[in-house]
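Protein chains in written order, with the numbering used here: chain B, 13 to 296; chain Y, 2 to 308; chain G, 251 to 811.
Honestly, the hints are just simulated from the structure, not real lab data.
In this text, a Cβ means the ideal position worked out from N, Cα and C, and glycines have one as well.
Watch out, some of these pointers could steer you wrong.
[As the list claims (entries may be wrong)] Just a sample of chain Y residues kept apart from chain B, beta carbon distances all over 12 Å, derived:
#1 Asp75
#2 Thr85
#3 Glu89
[As the list claims (entries may be wrong)] The following label-pair restraints were derived from C-beta to C-beta distances:
#4 Y:Ala52 - B:Arg199: 53 to 63 Å
#5 G:His596 - B:Leu271: 43 to 53 Å
#6 G:Lys700 - Y:Leu293: 46 to 56 Å
#7 Y:Asn88 - G:Arg683: 43 to 53 Å
#8 Y:Leu159 - B:Ala129: 53 to 63 Å
#9 Y:Leu159 - G:Leu634: 53 to 63 Å
#10 Y:Gly74 - B:Val34: 55 to 65 Å
#11 G:Asp629 - B:Pro55: 52 to 62 Å
#12 B:Ser183 - Y:Leu293: 19 to 29 Å
#13 Y:Arg48 - G:Asp629: 47 to 57 Å
#14 B:Gly200 - G:Leu572: 52 to 62 Å
#15 Y:Trp300 - G:Ser549: 52 to 62 Å
#16 B:Leu271 - G:Tyr467: 54 to 64 Å
#17 Y:Trp300 - G:Gln306: 49 to 59 Å
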Amino acid sequence: MSAAAGLWRQALQRLRRQRMSVAAALLLATIMLACLLLPLLSPYDYFTPHFELLSRGPMLAGGHILGTDPLGRDLLLRVMWGCRISLAVGVAASLVSVLIGVSWGATAGYVGGATDALMMRAVDILYSVPFVPFVIVLTVLFGRELWLIFLAIGAVSWLDIARIVRGETLSLKQREFIEAARVSGVRGAAMIARHIVPNLIGIVIIYATLAIPTVILFEAFLSFLGLGVQSPLASLGSLVADGTSEMQSHPHLLIVPALFLAAIIYCFNYLGDGLRDALDPRDR
Amino acid sequence: MLRYTVRRLLGALPTLLVIVTLAFLLLHAAPGGPFDSEKRMMPEIQRSIEARYHLDEPLWRQYLRYLGDLAHGDLGPSFQYRSTSVNEIIAQGLPVDATIGLTAITLALSIGGTVGINAALRRGTRWDYGSMAVAMAGISVPVFVVAPLLILVFAIKLHWLPAGDWVHGSPSHLLLPAVALALPYTAYIARLMRAGTIDVLNSPFIRTARAKGLPLRLIVWRHALPPTLTPLVSFLGPAIAGLLTGSIVVETVFGLPGIGRYFITAALNRDYTLVIGITVLYGALIILFNLLADLCYAWIDPRVRLR
Amino acid sequence: MTAGRSGVLSACAACLIAGCGSIDAPTAMSVPAPGSAAASAPTQSVTLGSALAGEQAVARGLDDMPRSLDPLLVNDVPGQRIADDLFEGLTSADISGKAAPGVASSWESSADGKTWLFHLRPDARWSNGAPVTAADFVYAWRREVDPRTGAQYAEGLAPIENALAIATGNKPPESLGVAAIDQRTLRVRLNGPTPYLLDLLALQYLYPVYEPAITRYADAWVRPEHLVCNGAFVLRENVIGSRITLQKNDKYWDAAHVRLQRVTYYVLPSRADQAARFLANDLDWTDSFAANQRTWLKSIVGEQAVNSPYFGAYFLGMNVQLPPFKDNLPLRQALVLALDREPLVHYMRQGMYQPAYTWMPPLPGYELPVPDWQGLGDDARHALARRLYAQAGYSEQHPLRITLYIPSQDGDSRHFFEAITASWFSILGAEVRLYEEEFKVLAQERNLHKLPLFYDAWIGDYPDPYTFMQIRYSGNGNNNAVYSNPAFDQLIDAAGQEPDNVNRYRLFQQAERLLNDDAPYIPLYYYATRHLVKPYLRGWQSNVMDRNLSRYMYLLEHQRR
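Turn these sequences into a full structure, and let the hints steer you where they fit.
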């Protein structure tokens, strides 16, 4: 093959790759919009049971296009509320972890020396702490509130980001503009906030995007253990967990929320990949 | 390298101490004691049970006692299974997890690796997109959906494999749990290998090798593979430790006597000694496998110097 | 005991079932007539022969890992199942769960019902060949009530002289009212007439244990390599969290009638998993199945899904010493009334259980003191509930806002509670929030009387009203609602001195009426036993105490198609 053809092909590949990411972003936007609007437009609510319609499969009658749940509530509506909760947990917890991770990693990387060693040692130690009992203990001590779940997940998932940010900071530190800033008297926190962190934004966005699906999955896992959000609200994870116990008798109870859960995670992962391709030139 | 290993292992001791302390304090701070149950006990009997497990002593003394036992390798008696020690429970559960975990990681490495390298070599083809889409699905679908589905299809509908239970040395009992456990790891490894291989294929030394006219297969195996293993090794270190201590979900769904399942029931039942014991084990394994991963780096890439 | 994922969450399913006493009672086990097997033909693809299967090995599901295999320390239902197979008391549950002669072949009691003599059968042996003696019982019972043993069920021996004084540390274990007259005669002294004594004796906390093994191995005596037992089976393997394997005990006095050579209990805390394993033909008998799968299971396995009344009740507790329930009878009554139990149980429990209007589940000979409002139509009852709600000081502008504490279990039980709160909301406008709490925490807070409105349940230890009524006695440790009514206590005390069951039951009924009028709890439903059983597994009967000893079970020849 000729070099020119290879170049064209690469360009095409990149485009196609980006198209997948764009498609993922569009699908995500659609789901977000739907879970914001549908609960407002639907004639049903997410808590009133309808005994005459328990666990029905998808049907047109009554507009239950995805069927009903074991209490006869519209499954589409339940799933939309589940998307809201899962997305909220995902985004909020990722924000928490990014916040902690970036400040921790940037400080460690910039200050260096003994401080760096100590801070990264703390990260190493936390890596070896199995956090499931940690989260369980937290949830039983303070109750199973939504914000607490954000905090608990965020607080244990910042470790990866801290490591990556530290590595980036270490290499940033060698760069001329940091040297220049230092010469002109910028020091400490100001240096980190004004010069280091802004240069980390690209990588932080990538990892935040990739952290969201991990968090959503972890919340789903917590729900599977019965430690998720309080009913009658339900996250996608708890809907899936409930669905698994009835997958043989009422498969739609598993399939519908599992599809939405998988779709959301799929989209975030693709989006994260796409962003990495676009923002991180080394991969090219 | 020996000196490095010894130093790393010694350095792990304070880490383990921190883990023990954290777990100890968190558990004792949690509401609900190990001997609360639906039926209330007579106070005298409750006191007697608590005295048997030294729960009537001040916390610091319990802590020191635990550390003392731990120094002798004794993780104490299990609170919920009265006639059994934590050491025994771990000795019973660990081989199960090790068998399933190693099978799963072998599956994941061979399948994920092959798929990943192939996708990289055929970058941009349908094969590439297809396999990466499948890999992404593997990451996106939770194990607690996959595992029951496997049971539904292969045990209940087809009657090919048992739906659960554990018989030592029985491959048919091993297969479904190992596959369920391997799935996300396979997907991760496929993605890692693809990205790594692409990186390496684009690097100057491979370009040189290709320019010299070496066959692609030879390049991949002799030159491209070793460097791509670096990110893989850093992924595998903690991953193997995690696999060994077991996927809670897989163990629960298949009813396997592995450690992950004990861990959850122990935490819920406030079986302090069992929770702390498994926590320590888990921490030790993570440290160990991270160390092994670092040693592997040095072995794969002689430029990495261990300090 | 809690409903739901008892394995993970209900730590100790503590209220033990046991005892016996049942509706119909063919006492001796009979070999089936060749024709009878074909008569109840299986619905699934199994052909049954009429002869015994060649391999007599049965696989049973178990809801949770027993906390201990020491019968005196067993505090959960799964532990009881194992103890029933490994050990045998003076009396023993027969195939219908009723007390039948066990180690004791006969007995007599004094005129006042306070002194009993038990004659042990000469051929009763431990699995190592040693004879089971009266001294073994004396040792076991003293060990049970000795506070140093830490046996949670020491209280179960309360009817025996000095038992409570010993358990509270006020008397030495040697003062227990039990004595070995000779090697084969045991004398038991009681505090009062105890009409349910024979049922009590068939419970694991009154089983004998083998002293030399305990002296030698201490807590480790229950391991397969050390365990010495006197039941129909011996312990072969105990894989914590996975399975317990038993093997036929050739030294058992009735071994000639025990057909099973091997029993394997698989620990499966998830009921859905048990059903899946049953459908995959890995289990012949499940400990339970989930209510939300009932209709579906019935549609595939038909008669293999078996339900029957079970001596347990599922209810909500209201702490009468905490606001908003303190001194607010109308509010408590309004919450009791504003539930449509029939549809709730029919739809949300798929008809598995019987809706409850009273405290104690049905028991033969005991007429349920059903409240008057049960007969009201829905509208009239709702109107009455609303009137009481208003009288309690609540309205649409000022609704009741309260939290109902429930254990975090599976979706199935959560859905049921969601339906309950929805019912209160639609009938009264009360805004009741659900709060799932880890079972350990819920149990502790409930016992410490911190929760105003909470999930609760009780399963009788033996088939007698007392096991239920005692809970509502002032100051009882399980009286989570902190209910106290001197008139109620007096009636219970009076019943304790009454040897005749007709009179006792009447006193209990009066007490229960008082209790229901005071409304410290919200009845929901009475439990049911729920098993999936392969058609070729025979030698068992549904019974109200849900005791199904492997001793009587056997397998018929069968072929799976």
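Here is how each hint holds up against the structure:
With a closest Cβ-Cβ approach of about 21 Å to chain B, Y:Asp75 is found to remain outside the 12 Å limit, as its non-interface label requires. No Cβ of chain B approaches the Cβ of Y:Thr85 within 12 Å, the least distance being about 20 Å, so the stated non-interface status holds. With a least CB separation of 20 Å from chain B, Y:Glu89 remains clear of the 12 Å interface cut-off, as annotated. Checked against the hint of 53 to 63 Å, the pair Y:Ala52 and B:Arg199 passes, with Cβ atoms roughly 59 Å apart.
Between G:His596 and B:Leu271 the Cβ separation comes to about 32 Å, which falls outside the hinted range of 43 to 53 Å. For the hinted restraint 46 to 56 Å between G:Lys700 and Y:Leu293, the CB-CB distance of approximately 49 Å keeps it satisfied. The supplied range of 43 to 53 Å is met by Y:Asn88 and G:Arg683, whose beta-carbon atoms lie about 44 Å from each other. Checking the proposed 53 to 63 Å range against Y:Leu159 and B:Ala129 shows it holds: the Cβ atoms sit about 56 Å from each other.
The hinted range of 53 to 63 Å is satisfied by Y:Leu159 and G:Leu634, whose Cβ atoms lie roughly 56 Å apart. Distance hint check: the CB atoms of Y:Gly74 and B:Val34 are about 57 Å apart, consistent with the given range 55 to 65 Å. Between G:Asp629 and B:Pro55 the C-beta distance comes to about 26 Å, which lies outside the given range of 52 to 62 Å. Between B:Ser183 and Y:Leu293 the C-beta distance comes to about 27 Å, which sits within the given range of 19 to 29 Å.
In this structure the hint that Y:Arg48 and G:Asp629 lie 47 to 57 Å apart at CB holds, the actual value being about 54 Å. Checked against the hint of 52 to 62 Å, the C-beta distance between B:Gly200 and G:Leu572 comes to roughly 54 Å, which is consistent with it. Hint check: Y:Trp300 to G:Ser549, Cβ distance near 60 Å, so the stated range 52 to 62 Å holds. About 55 Å separates the C-beta atoms of B:Leu271 and G:Tyr467, a value consistent with the hinted range of 54 to 64 Å.
Range check, Y:Trp300 to G:Gln306: about 57 Å between beta-carbon atoms, so the 49 to 59 Å window is met.
Checked against the numbered hints above, the structure violates hints 5, 11; every other hint is satisfied.
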